Amino acid sequence: MNGSFATTEIIATGKRSRASEVDNAIRCATDSLLALQHGDGHWAFELEADATIPAEYILLEHYLGRVDPELEQRIARYIRAAQGDHGGWPL
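Residue numbers 397 to 487, in the working numbering, belong to the letters of the sequence shown in order.
Please keep in mind that the hints were generated in silico from the structure rather than gathered at the bench. Remember, it's a predicted structure, so these values are computed and weren't measured experimentally. Think of the CB as a built atom: it goes at the ideal place given N, C-alpha and C, for glycine as much as any other residue. Check each hint, because a few of them may be wrong.
Here are the in silico distance ranges between beta carbons for each label pair [stated by the list, open to error]:
1) H482 with L443: 18 to 26 Å
2) H434 with L467: 19 to 27 Å
3) H458 with G483: 18 to 26 Å
4) R470 with E444: 44 to 52 Å
5) A431 with L467: 36 to 44 Å
6) R476 with A425: 35 to 43 Å
7) A472 with E444: 17 to 25 Å
8) Y453 with L430: 27 to 35 Å
9) A451 with L429: 28 to 36 Å
10) I422 with I449: 23 to 31 Å
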């Protein structure tokens, strides 16, 4: 943040107020993330997978020649259940 090339360049061109806003936003975001960090250094966030990841997994398994028909059927049921009334899927 302080002393970075981008901030130095912005200050040199007279855009100091914008640089301060950016630095402040970065500082606030950093503080927020650090507050969520566990004592041993890791973070834990819920991963919400939409239909894209499971669909890509099926394609990958076919590409690699590692098709598990039972798993593929379970994933296919999940993908069909995620389909919206409009006919599409959440991305």
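Verification of the supplied hints:
1. Taking 18 to 26 Å as the suggested C-beta distance range, the pair H482 and L443 conforms, at roughly 25 Å.
2. Taking 19 to 27 Å as the suggested C-beta distance range, the pair H434 and L467 does not conform, at roughly 32 Å.
3. Taking 18 to 26 Å as the suggested C-beta distance range, the pair H458 and G483 conforms, at roughly 24 Å.
4. For the pair R470 and E444, the beta carbons lie near 18 Å from each other, so the given range of 44 to 52 Å is not met.
5. At about 38 Å, the CB distance of A431 to L467 agrees with the hint of 36 to 44 Å.
6. Distance hint check for R476 and A425: the Cβ-Cβ separation is about 38 Å, which falls inside the suggested range of 35 to 43 Å.
7. The hint said 17 to 25 Å for the Cβ distance between A472 and E444, and at roughly 19 Å that hint holds.
8. At roughly 33 Å, the beta-carbon separation of Y453 and L430 lies within the given 27 to 35 Å, and the hint holds.
9. Range check, A451 to L429: about 30 Å between beta-carbon atoms, so the 28 to 36 Å window is met.
10. I422 and I449 have their C-beta atoms about 29 Å apart, which keeps the hinted 23 to 31 Å range intact.
Hint compliance for this structure: hints 2 and 4 are not met, and every other hint is.
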